Structure formats: C-alpha cells, structure tokens
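So the protein lines, in turn, are chains A and B. Going letter by letter, the first sequence gives residues 299 to 683 in the working numbering. Going letter by letter, the second sequence gives residues 299 to 683 in the working numbering.
Be careful, since some hints might not be right.
Copies of one chain are not kept apart here, so a pair can be met inside one copy or by any two copies together.
[Stated by the list, open to error] Dumping the calculated SDA-like pairs for lysine to any residue here, alpha-carbon to alpha-carbon at most 20 Å:
#  : residue 1 : residue 2
1  : K615      : C652
2  : K562      : P518
3  : K311      : A559
4  : K311      : F482
5  : K562      : L552
6  : K491      : E314
7  : K414      : D317
8  : K491      : N477
9  : K491      : V657
10 : K311      : P506
11 : K562      : G596
12 : K562      : G524
13 : K414      : D430
None of these hints come from the bench; they were simulated from the model. Here the structure is a predicted model, which is why all the values come from computation and not from measurement.
Number of protein chains: 2
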Amino acid sequence: MRQVAILGIGQTKIDEHWDYSLRELAGLAALEALQDAGLQRVDSLFVGNMLSGMVSGQNQLGTLVADWVGLRGVEATKIEAACGSGAAAFRSALIAVASGEVETALVVGVEKMTDKAGHDVTSALATAADADYEVEQGVSFVGLNALIMRRYMHEYGWQHSDFAAFSINAHANAVHNPNARLQFAISAEDYSKAGMVASPINLLDASPIGDGAAAAVVVPAERVAGTPLRPRILVAGSGAATDTLAVHSRRRPLFLDAAQASAKQVYAQSGLGPADLDLFELHDAFSIMAALSLEACGFAEPGQGPRLALDHAISPKGPLPICTRGGLKARGHPVGATGMYQIVEVVQQLRGECGENQVAGARVGMAQNIGGSGATVITHILKSG
Amino acid sequence: MRQVAILGIGQTKIDEHWDYSLRELAGLAALEALQDAGLQRVDSLFVGNMLSGMVSGQNQLGTLVADWVGLRGVEATKIEAACGSGAAAFRSALIAVASGEVETALVVGVEKMTDKAGHDVTSALATAADADYEVEQGVSFVGLNALIMRRYMHEYGWQHSDFAAFSINAHANAVHNPNARLQFAISAEDYSKAGMVASPINLLDASPIGDGAAAAVVVPAERVAGTPLRPRILVAGSGAATDTLAVHSRRRPLFLDAAQASAKQVYAQSGLGPADLDLFELHDAFSIMAALSLEACGFAEPGQGPRLALDHAISPKGPLPICTRGGLKARGHPVGATGMYQIVEVVQQLRGECGENQVAGARVGMAQNIGGSGATVITHILKSG
C-alpha cells in the first residue's frame with residue numbers, strides 16, 4: 299500500500315462548550331483541518347466518537363458531520379472503540395487512503411460530554427468496561443483503574459506520591475497550550491492534597507472530561523511536498539490490538555498486552571524503536587495508565603514506569619517527553635476525540651509549532667490511544683520527511 | 299485492489315432471545331461463519347451495531363466480541379451507521395482485505411433490542427434521525443417515515459392498500475425461512491385491518507424489531523476455489539453514499555439520492571445493471587422504503603415503485619425478487635445486524651441453499667442497507683463465479 303501523509307490539522311479548545319452543539323464542535327475542527335490542508339472537499343469522512351448516542355441522543359454521526367461541514371453525499375463512517383475511538387477512526391482513514399479506495403479523507407474525533415440530554419456521564423463512560431461482568435458488580439470506570447493502581451502499588455512497592463510527577467509534568471505543559479482544559483501548574487503538595495475520587499486515584503490522578511473535537515486530513519504522501527517551514531508529515535506506522543474488556547480476565551492485569559502488541563507493530567513497520575522517538579503522546583487517562591503505557595511500549599521494565607517520571611525523563615527537555623501539550627490529564631479527555639488530539643499534537647511538534655512546549659528538533663513522534671482499561675489500543679508513529 | 303470473496307456465513311434466528319446475551323448472540327453467528335469458512339482464526343474483526351451502548355450499557359463491542367469468539371488480541375473495529383451499521387462494517391472489512399492490510403476478516407452484525415438495561419427502544423431508534431432538528435420536535439422514527447409515506451401517496455396518487463403487496467410478498471417468503479421472526483403469511487385483508495402505528499403506517503407496513511446476529515468471513519478471492527456444489531461468491535461491487543439526516547433538508551424528500559448514488563457506484567464497479575440482477579435484498583424497514591429503494595436503484599420511475607409489487611414482479615418467480623427470505627418486514631429488523639442478514643441471504647441464494655425461497659438459477663444479487671431515512675446507504679453486488 300502507498301504511504302500516507304497528514305496534510306492538515308484542526309482542533310477546538312477542550313472546555314464546557316455550552317455555545318456549540320455536537321455537530322458544530324465537529325465542524326470547527328473539521329473546517330480548520332480542511333483549511334489547513336488547503337482543500338475544500340475530500341472523498342471520505344471518518345468520525346471517532348463514543349457517547350453521542352447516549353449523551354446527546356444522536357447516532358449516525360458520520361453522516362451528520364459530513365452534511366454539516368459541506369461534504370453532503372460523501373461516504374461517512376463512524377467508528378467506536380470507547381476512549382480509543384479517535385485513533386481507530388484515524389487508522390480506518392489511513393487504510394482507505396493507503397489502499398487507493400479514496401484519495402483524500404478527513405478524520406474527526408469529537409465528544410460532547412458536559413451538557414447531556416440522556417445518560418449521566420459516569421454511567422455512559424462505564425460502557426467502556428464489561429457490562430455483564432464488571433459494571434454489573436457496581437464498579438465505575440475510575441473504580442476499575444483504582445483497583446489496577448492499588449494492586450500496582452502493592453506489587454511493585456510504590457507510594458501514591460511517586461505518581462505525582464506524571465501529573466505535575468502534564469499540568470506544567472498545559473499552561474502553554476491554549477486548547478487545554480486545565481491551563482494551570484500544580485505542585486507535589488497540590489497533588490497530595492487533592493480530593494479523593496476512588497482510592498488511590500484522586501482528582502489530580504484523573505483526567506477531566508470535556509467537550510472537544512480534533513481533526514486531520516490524510517492524503518497519499520506523493521501529493522505532499524515538504525518545505526523548510528512546513529515539513530511533510532508521514533505516517534510511519536499504524537497498529538492496533540485488543541485484549542479482554544474485563545481486567546480480571548487478563549493473564550497479567552498489570553501489563554498492557556494490547557499496548558505492547560500494537561507498539562511492536564508500529565516499531566516493525568517503521569523500522570524505528572523506543573530510542574528513536576522524540577516524543578510520545580500517551581493515554582494518561584489516569585496517572586497509573588501513563589506508567590503502564592511506558593512499560594508496554596518498551597521504555598521501562600514492568601513496574602518501573604514511575605521511575606521515568608521521578609527522574610524527569612518525561613519532561614519536554616528530557617529524553618522522552620510525554621504529554622507535551624498537557625496529555626489527557628491537563629489538556630483534557632473528551633473521550634472519543636482524544637486519539638485525534640494526540641495525532642494533532644504530534645503533528646504540531648513535528649512542524650515545530652509548539653512554542654514553549656516545543657520539543658527541540660522533534661522528527662519522530664508516537665501517539666497511543668487506549669479504549670477501556672487497555673482493551674483496544676491503537677498506536678501510530680509519525681515522522682517528518 | 300484485489301477481489302474479495304465470501305468464504306463463510308452464519309446467522310441466528312431473529313427473535314426475543316432472552317436466553318442469549320449480546321456477546322453470545324454475536325458469537326453464535328460468528329462461530330457459525332468461521333466453521334462454514336473452515337477457519338479457526340482471522341486477522342481482523344468488524345462489528346456492526348447501533349444500540350448496544352444505549353440498550354445494553356455496552357460499548358467497545360468489537361473488542362468484546364473478538365475476545366468472546368476466541369480471537370483475543372486481533373484488531374477489532376466497531377462501525378455505527380444507525381440501521382446501516384451491518385453493511386457499513388462489511389464494507390470496512392472488504393477494504394481491509396482488498397487492500398492487503400489483512401488476509402482474512404470476520405464481520406458480525408449484531409443487535410439486542412428486546413431486553414433493555416437502558417433506554418427504551420423507541421427513543422434509542424430515534425437517534426438515527428436528527429436529534430436537534432427532528433427528534434427535538436417530538437417526531438419518532440416511524441413518525442418520520444409516516445410523513446414520507448403520506449406525502450408520497452399524495453404526490454403520486456397511491457392508496458394505502460397499494461402497498462399491501464410489499465408486505466404480503468415479504469411475509470409469504472418468511473414462511474420458509476427458519477430464521478425469520480414472523481414466519482406467517484398475511485392477506486390483503488390482514489393488511490387493511492392491521493393496527494395503526496403512525497398513520498398511514500400500520501403494523502403490517504412496519505418491520506419488527508428483534509434480537510439477532512449475522513456474520514460473514516471475507517478473504518481474497520484467489521484463496522477460494524468454487525465447486526459445482528458450492529460456487530465461489532465474489533463481491534462484485536461495494537458502494538456507499540450519504541444524504542442529510544433530516545428529511546426536511548433534502549432537495550427531494552421523496553427520492554433516495556444516497557441510495558441512487560451508491561447503486562450507481564456498484565453498477566459501475568461490477569459492469570452490471572438493474573437488468574442483470576437475479577434478486578435484490580432491499581431495506582424495507584417500512585413498506586414505503588421498499589418502493590423508494592426500487593426507484594432509487596433504477597427499477598422504477600420516481601413514484602412508480604408500488605407498481606412492481608402490484609404486478610408481482612417482486613415475487614420469487616418474478617423478474618425482480620426482493621425480500622426473498624422475508625425482508626426486514628417479516629425476517630425482522632435487528633437494526634445493526636440487518637445489513638449482514640441481507641449479505642448472508644444473498645450468499646444463500648447464490649449458493650442455491652434457499653429451498654422453497656430459492657430464486658432459480660440465481661447468479662447475481664444485490665443488497666442495499668440504509669441508515670436513517672435514506673441518510674447512509676451502503677450497497678453491494680455479489681455474484682457467483
């Protein structure tokens with residue numbers, strides 16, 4: 299299949315957008331991406347979304363957004379993989395363009411969570427877990443992650459305070475991201491005093507929900523010429539793998555097998571490895587997930603992820619910058635849109651457009667988007683060239 | 299891209315399946331399709347489903363089903379396009395196999411509608427329409443179709459009784475389909491006396507909901523050899539197009555532009571036209587939709603669809619058999635699964651496995667699956683050869 303490039307990107311601020319409807323949010327990001335790409339029309343639209351049916355009473359969102367952004371008539375596909383929906387939609391678009399089925403595709407990840415017409419958001423988010431064998435027992439999604447974090451601390455001997463560095467880094471980076479939901483820095487003391495959500499996960503371990511949309515236009519690489527001011531952004535690898543939804547069914551519940559499998563796929567496709575990455579936008583829905591992602595992708599031994607944060611390896615000037623625009627923790631986590639925010643942020647880094655957050659000389663970046671507690675994992679490596 | 303063949307199929311009876319959970323239903327069809335294909339494993343799974351989040355409190359269904367059917371770890375993708383979800387998932391699988399991204403793919407359409415943990419089904423189905431501009435006004439999905447049917451009767455001078463032949467044909471065919479929900483024949487008198495749902499749509503104009511799953515295994519055509527007893531089933535064309543969700547926004551609300559556009563795509567790809575089709579599994583969610591589909595796909599002039607039914611052209615021995623296993627009307631309409639039932643039924647016809655419903659010498663069949671009131675339309679032509 300042919301190589302694919304990202305020609306344009308767009309995003310909204312993540313916020314409580316009472317002034318924009320679901321379709322309007324998607325449209326803001328989509329039209330910005332089309333304008334950035336210099337295109338008025340594409341052959342196909344892919345939308346990543348998790349909750350519009352439950353929260354906004356709206357399904358068939360691919361077709362709705364296609365009409366709204368001036369693409370009436372084009373094929374439109376909506377992909378859902380819980381919090382992994384955004385990158386799953388991106389991957390479907392890649393396959394469509396790489397295969398030659400279409401020449402140009404627009405991908406939009408969108409989620410509207412703060413003004414609900416239907417379900418409350420906590421019960422809606424629980425649909426990412428196993429309804430029959432987890433949720434039926436009364437566990438919420440944050441509760442599941444709390445169980446993982448508690449066991450991890452027990453198995454590997456970490457204290458809760460050892461996870462503070464993940465959240466401190468994310469918040470420090472979000473200060474300079476105008477699209478972040480939480481544009482403020484936090485201290486270790488703030489972290490230790492934060493209100494408890496589901497022990498040991500407190501408010502500063504958990505990513506905030508929000509309304510937002512992020513979008514990208516993908517085209518065959520041969521259609522794109524790079525310039526010194528704006529390099530060509532290529533998709534060097536795209537991988538996806540799955541695991542059980544129910545955490546208790548896994549052989550090793552403290553290791554993200556699907557994250558490892560999809561990372562191995564993109565390393566093999568790209569010929570690049572952990573040491574080649576200039577940044578990594580990972581899925582820190584909770585601080586424990588940042589640790590587990592780093593371990594699954596080969597940056598730390600199992601149980602040693604927090605060490606990278608404590609050593610400041612993950613800061614913008616460290617050897618492995620993560621969450622460079624705030625991550626899920628501080629940029630915000632509009633669930634079905636998050637995967638596309640990660641893609642957009644890696645593109646911004648490779649273009650050198652990140653100002654105070656810029657990773658110097660960034661040429662290669664990875665984005666990893668996770669649905670459920672490690673159940674559906676989609677990983678991409680982007681590079682300039 | 300390379301040609302794709304359908305190697306195996308599976309389906310459950312459409313019913314109130316209180317004894318099977320959502321994943322179990324999907325598994326029944328999926329495992330039957332794998333067995334029929336002679337495969338134990340595939341590279342990728344595609345699931346079409348509309349309502350599992352709202353009705354069963356379960357999202358991320360691709361990954362859940364992958365694990366349940368013994369495919370833990372493989373990539374799994376869930377596609378949603380309202381009632382068009384099944385064929386949309388099938389089309390995504392085709393692209394993945396045709397492109398070479400994967401060698402083998404399993405597609406499952408599944409819906410569980412009769413034992414709800416969450417939303418009531420009428421409000422859940424309304425999410426196929428435009429939440430802000432249609433549903434907000436209080437219209438239900440059947441109400442929208444009633445408005446279309448009323449206007450159609452007014453514009454073209456048809457009586458309600460002129461639509462009876464669609465339902466009579468569907469029910470007559472369902473008698474011989476062991477997987478149909480409503481395995482009984484109806485008369486014109488039954489039709490005229492049926493209880494009103496949303497005038498002029500009565501109970502015998504409307505398809506019944508139900509629980510069900512249908513599945514297929516797709517592989518590169520070069521992997522399949524046909525035999526006299528079991529011909530090779532090829533995908534000769536696959537097309538998709540969209541329209542506005544809101545019916546009132548359409549240039550001509552009585553014509554299915556997206557159905558026409560996607561049919562034109564498959565005619566062009568296959569080199570086949572309306573006259574070459576031995577059967578057509580269309581999306582008769584309501585009798586008016588059968589008429590509109592026939593018109594959009596070139597079998598009748600606008601406003602003349604009912605004539606084909608009145609002339610018995612659509613019966614199994616007529617020139618254009620439709621709904622040969624009962625259609626949505628009598629086989630049943632488990633919304634996100636329906637598109638896969640259509641595919642499975644066309645395969646059964648091309649294999650000559652339909653017994654009393656067999657269309658003699660069937661070599662070419664078309665399936666058209668519609669999301670919303672003509673908003674997302676996916677059309678396929680299958681042929682033996």
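Outcome of the hint check:
Taking the shortest Cα distances, K615 and C652 sit within 20 Å of each other inside one copy (13 Å), while across copies they are farther apart (67 Å). In this homomeric assembly, K562 and P518 never come within 20 Å of each other (Cα to Cα): the closest approach is 24 Å inside a single copy and 26 Å across copies. In this assembly of identical chains, the alpha carbons of K311 and A559 never lie at most 20 Å apart, being 32 Å within a copy and 37 Å across copies at closest. Proximity of K311 and F482 under a CA criterion of 20 Å is satisfied intra-copy only: 15 Å inside one chain copy versus 56 Å between copies.
Proximity of K562 to L552 under the C-alpha cut-off of 20 Å is restricted to the intra-copy arrangement: shortest distance 18 Å within a copy versus 52 Å between copies. In the homo-oligomer, the alpha carbons of K491 and E314 never lie at most 20 Å apart, since the shortest distance is 25 Å inside one protomer and 52 Å across protomers. When the C-alpha separation of K414 and D317 is checked against a cutoff of 20 Å, the pair qualifies only within one copy, where the shortest distance is 14 Å, while the shortest distance between copies is 33 Å. Within a single copy, K491 and N477 get their C-alpha atoms no closer than 26 Å, and across copies no closer than 60 Å, so neither meets the 20 Å cut-off.
For a Cα distance limit of 20 Å, the shortest separation of K491 from V657 qualifies neither inside one copy, at 31 Å, nor across copies, at 73 Å. Within a single copy, K311 and P506 get their C-alpha atoms as close as 13 Å, which meets the 20 Å cut-off; across copies the closest is 44 Å, which misses it. Proximity of K562 to G596 under the C-alpha cut-off of 20 Å is restricted to the intra-copy arrangement: shortest distance 9 Å within a copy versus 49 Å between copies. When the C-alpha separation of K562 and G524 is checked against a cutoff of 20 Å, the pair qualifies neither within a copy, at 28 Å, nor between copies, at 38 Å.
Taking CA atoms no more than 20 Å apart as the test, K414 paired with D430 passes between copies only; the shortest distance there is 13 Å, against 25 Å inside one copy.
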